[in-house]
Amino acid sequence: MAGGYVGRILRVDLTNGTLRDEALPPESVLRQYIGGLGLATKILYEEVPAGAKPLDAENRVVFMTGPLTGTPIPGSSNCVVATLSYETGYTMGVGHTHGRFGAMMKFAGYDGVVFQGVSPKPVYLWINDGRAELRDASAIWGKDTHETEDLVKADVGEPEASVSAIGPGGESVIAGGGVETDKYHMAAKGGSGSVLGSKRLKALAVYGTWGVRASDPAKLIEVAEAWRRKMFQGAMATAPSLVGAGTSRSRDRSAARGHLAIRNLTDPALALEFAVGYKEGAKKAQIRPQGCFSCPIACSYRVEVGTGPHAGYVATLSGGAEALEGAAVMSGVIEPGAVWRLADKYDRLGLEAGVVGSAIALCFECYERGLLTKEQTGGLELKWGNAEAAESLLDMAMRREGLGKFIAEGPLKTAQAIGGDALSYVVHAKGTAINCHDFRMAFGVLLGQFVSTIGPAWQALCADGSGLEPDLGFETPSDPFDPTIKPREARLTAIKKCFDDSLGTCMFNNVGIHGYIDLAGRALGHTIGWGAIPREEIEVIGERVLNLTRAFSVKHGYKPAYDLDISPRLLEAPSSGPAKGHSIAPFVKDMILEYYRLMDWDAETGRPSEVKLKSLGLDKVVSDLYGNKRAGR
Amino acid sequence: MNKVLAIDARKCTGCLSCAAVCSMLHTGATSLTLSRVQVASDESRGIHVPMMCQHCEDAPCVAVCPTKAMSRSQSGGEVVLDYSQCIGCRYCAQACPFGAIGLDPQTMKVFKCDLCDGNPACARFCQPQAIEFVPATRLRLAKRNAEAQKVIDSLVSV
Chain Z
15 MAGGYVGRIL RVDLTNGTLR DEALPPESVL RQYIGGLGLA TKILYEEVPA GAKPLDAENR
75 VVFMTGPLTG TPIPGSSNCV VATLSYETGY TMGVGHTHGR FGAMMKFAGY DGVVFQGVSP
135 KPVYLWINDG RAELRDASAI WGKDTHETED LVKADVGEPE ASVSAIGPGG ESVIAGGGVE
195 TDKYHMAAKG GSGSVLGSKR LKALAVYGTW GVRASDPAKL IEVAEAWRRK MFQGAMATAP
255 SLVGAGTSRS RDRSAARGHL AIRNLTDPAL ALEFAVGYKE GAKKAQIRPQ GCFSCPIACS
315 YRVEVGTGPH AGYVATLSGG AEALEGAAVM SGVIEPGAVW RLADKYDRLG LEAGVVGSAI
375 ALCFECYERG LLTKEQTGGL ELKWGNAEAA ESLLDMAMRR EGLGKFIAEG PLKTAQAIGG
435 DALSYVVHAK GTAINCHDFR MAFGVLLGQF VSTIGPAWQA LCADGSGLEP DLGFETPSDP
495 FDPTIKPREA RLTAIKKCFD DSLGTCMFNN VGIHGYIDLA GRALGHTIGW GAIPREEIEV
555 IGERVLNLTR AFSVKHGYKP AYDLDISPRL LEAPSSGPAK GHSIAPFVKD MILEYYRLMD
615 WDAETGRPSE VKLKSLGLDK VVSDLYGNKR AGR
Chain D
-12 MNKVLAIDAR KCTGCLSCAA VCSMLHTGAT SLTLSRVQVA SDESRGIHVP MMCQHCEDAP
48 CVAVCPTKAM SRSQSGGEVV LDYSQCIGCR YCAQACPFGA IGLDPQTMKV FKCDLCDGNP
108 ACARFCQPQA IEFVPATRLR LAKRNAEAQK VIDSLVSV
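Protein chains in written order, with the numbering used here: chain Z, 15 to 647; chain D, -12 to 145.
Hints are computed from structural coordinates only; laboratory data are not their basis. Bear in mind the structure is a predicted one, so any value in this text is a computation, not a measurement. Cβ atoms here follow ideal geometry from the backbone N, Cα and C, with glycine treated the same way. Treat the hints with caution; some may be incorrect.
As the list claims (entries may be wrong) - Some, not all, of what chain D presents toward chain Z, calculated at C-beta under 10 Å:
| hint | residue |
| --- | --- |
| 1 | A7 |
| 2 | G15 |
| 3 | S18 |
Said to hold, decoys possible - For each label pair, taking beta carbons as the anchor points, the in silico distance ranges come out as:
| hint | chain 1 | residue 1 | chain 2 | residue 2 | range |
| --- | --- | --- | --- | --- | --- |
| 4 | Z | R267 | D | R32 | 28 to 34 Å |
| 5 | D | A82 | Z | E72 | 44 to 50 Å |
| 6 | D | Q116 | Z | P39 | 38 to 44 Å |
| 7 | D | D45 | Z | H528 | 22 to 28 Å |
| 8 | D | Q41 | Z | G144 | 30 to 36 Å |
| 9 | D | P47 | Z | K293 | 32 to 38 Å |
| 10 | D | A123 | Z | E236 | 27 to 33 Å |
| 11 | D | A135 | Z | E236 | 21 to 27 Å |
Said to hold, decoys possible - Computed cross-link-like contacts, PhoX-like style, restricted to lysine-lysine with a CA-CA straight-line distance of at most 25 Å:
| hint | chain 1 | residue 1 | chain 2 | residue 2 |
| --- | --- | --- | --- | --- |
| 12 | Z | K359 | Z | K298 |
| 13 | D | K137 | Z | K297 |
| 14 | D | K96 | Z | K298 |
| 15 | D | K(-10) | Z | K293 |
| 16 | D | K130 | Z | K244 |
| 17 | D | K55 | Z | K298 |
| 18 | Z | K244 | Z | K427 |
| 19 | Z | K293 | D | K(-2) |
| 20 | D | K(-10) | Z | K298 |
| 21 | Z | K297 | D | K130 |
| 22 | Z | K67 | Z | K56 |
Bound-form chain Z, shown alone (with noise of 0.2 Å):
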């Protein structure tokens, strides 16, 4: 192989510590799958039998990055990390950690590492040169994530390593369990973490100094250089708004959109009071901006907090807000530096702000209308704000005290525990949390959500909320409302959302870039040594590994209307901002329907057609799903 991969993974069998290196699969199957998402769902789909559970030692926890992660390509720090989700039971679960993890990890000698089995102590995984070892972590189990990269690094002796880690929450097995890498950034969703702490993995640490070479260097490099020129061009590209940690100094435009989720999305408007402050907080706090490997964007951020109760308290943050508005603003928190604070809590612990956050945010709304007693709270007072309680309540949680019990298992459980309207309260798909935004304001990223086949998750960004793809054909915003486009949206970006974790690289530095197709096509070609990817071939990429995921669904459970299993605080109608007055709850069940029209779909199961699967090439899909016999005529 001329460039861009390294060529093998290592597989870690933690039930009896053995590890073994795999050669990568041949150029034939890689063309069909890239790496990334792509390679990962192969292995899982492959691996992980029907029947089997999220924590049981069958599963997999599998860390795969592109064959561009580590190259000059803008954001090539991407390494996916999937499993079968603890969180849904039947979808995978997807999340991607950035920083340098998996730049370094290729570094270090490896394209990805699956891990399957238990362990029956805790330990951690140090790569190095192309030598792996699993280490004893008995004396940092229970530390927090940013303890034990410290730690973890001291215990190596190399300083510059990357480390990955689980926190308090894997350990715990706590309903958005995530993995944490070099302080700042979470592979949140499908609660790898937890799977992780139930095989009793803490951490892996990476460092190497090989390379990571391209099949045509100069030509690699042209393209890395319009790429990064053309994403800071135009109006629908993302990178502008969280260029230099954009996301820490103003939420203006997310709150005026009604996309803000602010107190268990009970009124949007709020967001307004939130976004003032927020702006004041960001100009008296010190603020510096971290940029993953090859990052020209660097939304990352090191926050010291310049006033309020929590002034001088340092947090290290991703730039998406997801982990702000779960672990604060749901509930109602709106001070600056609490909201940093506890955003950094949720990092430190290793748990996804968005699941247990909306868990807490349904007790707060709970309490507020009192279906929840201060007897029922432990004594918490859960008036929206209440930051205090909103800690303490985090904390409940990891002891799986009280009310904790239930947090500790995510939003829907939450509700069905305190029962009552606590089930038209909280806010839930599939029953676990979505990114965490208020998505009622665009139909489409709403749908986006409900039809994702890796749980709810960014997979179809759709034309009207999240970013626009003008190579799709979406110059300009959709009507946000409009029933009747939202599926072909969803259907188009979700395609080219599976080829694009497919690469290596991180979403805000492929969405909405005019000429996109035409530079990734290039920029795999100039590096694995392919020539350049044409179009029609990379939205067959993008297909096959979307049909893939959804087969992997069917395979472990999916059942006819689990895209319906969608709580009706997201099906109704914001009470105020925007978006007022507009419900989808009318049309989303007709546009699931036409969603998977579209997609080839069975309406009544949800599968993939077996036409559509044979003209992907996923010929073996069809016997696992239809019977041998049905896939021989």
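Since the structure of chain Z is provided, determine the placement of chain D on it from the hints.
Just chain D, lined up with the frame of chain Z:
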């Protein structure tokens, strides 16, 4: 007119775009160890400092080189390394005040920034403009203006 590298560590995000493109350009592979530009970080403070050959006017590496492999270019703008003369003694690496000269473990010869034939890739790939390649007369401008702004702000509030 001679151009020089102007480095402002206050702007550096530690993204290593410079090192990625530098090593790809010079070695055909992204490699942090073989990159001519290095980024040293104080991670707890979130501060990153790009380090590379400063092409010193009175360059210690040129002075100590026993074979004249290290020399000032004809145009005078850069310190250049002639591999046909280099004996791999590493005196230059010892003498460099910045640790900007690396040793390639394959060839056991030293390597350093060559300014990419007058169009440094690191500067082109540095979005926050922590590394810029500017005419010598403009070297002080960014810092001058940033410091002046503090004075301006203090006068405005008087």
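Cross-check of the supplied hints:
Of the supplied interface hints, the one on D/A7 holds, with its beta-carbon coming within about 4 Å of a beta-carbon of chain Z, less than 10 Å. This hint holds: D/G15 has a C-beta 5 Å from the nearest C-beta of chain Z, less than the 10 Å allowed. Because the smallest distance between the Cβ of D/S18 and any Cβ of chain Z comes to about 4 Å, under 10 Å, the interface hint for this residue holds. The hint said 28 to 34 Å for the Cβ distance between Z/R267 and D/R32, and at roughly 30 Å that hint holds.
Our hint of 44 to 50 Å for D/A82 and Z/E72 is violated, since their Cβ atoms are close to 59 Å apart. With their beta carbons about 42 Å apart, D/Q116 and Z/P39 fall inside the hinted range of 38 to 44 Å. Roughly 48 Å separates the CB atoms of D/D45 and Z/H528, a value that falls outside the hinted 22 to 28 Å. At roughly 35 Å, the beta-carbon separation of D/Q41 and Z/G144 lies within the given 30 to 36 Å, and the hint holds.
Between D/P47 and Z/K293 the CB atoms are about 49 Å apart, so this pair departs from the stated range of 32 to 38 Å. For D/A123 paired with Z/E236, a C-beta distance near 29 Å keeps the hint of 27 to 33 Å intact. Remark: the range hint 21 to 27 Å for D/A135 to Z/E236 is contradicted by a beta-carbon distance near 38 Å. A distance of roughly 21 Å separates the Cα atoms of Z/K359 and Z/K298; the hinted pair therefore holds under the 25 Å criterion.
Among the hinted pairs, D/K137 with Z/K297 is consistent with the structure: their alpha-carbon atoms are about 16 Å apart, no more than 25 Å. Of the supplied pair hints, the one linking D/K96 and Z/K298 is violated, its CA atoms being roughly 50 Å apart against a limit of 25 Å. Between D/K(-10) and Z/K293 the alpha-carbon distance is near 39 Å, which puts this suggested pair outside the 25 Å criterion. Under the criterion of a C-alpha separation no larger than 25 Å, the hint pairing D/K130 with Z/K244 is inconsistent with the structure, at around 28 Å.
At roughly 54 Å between alpha-carbon atoms, D/K55 and Z/K298 are farther apart than 25 Å, so this suggested pair is violated. With a C-alpha separation of about 45 Å, the suggested pair Z/K244 and Z/K427 falls outside the 25 Å cut-off, and the hint is violated. Taking the CA atoms of Z/K293 and D/K(-2), the gap is about 21 Å. The hint holds against a cut of 25 Å. Straight-line distance between C-alpha atoms of D/K(-10) and Z/K298 comes to about 37 Å, which puts the hinted pair past the 25 Å bound.
Of the supplied pair hints, the one linking Z/K297 and D/K130 holds, its CA atoms being roughly 22 Å apart against a limit of 25 Å. Note on Z/K67 and Z/K56: the hinted pairing holds, with a Cα-Cα distance of about 18 Å set against a maximum of 25 Å.
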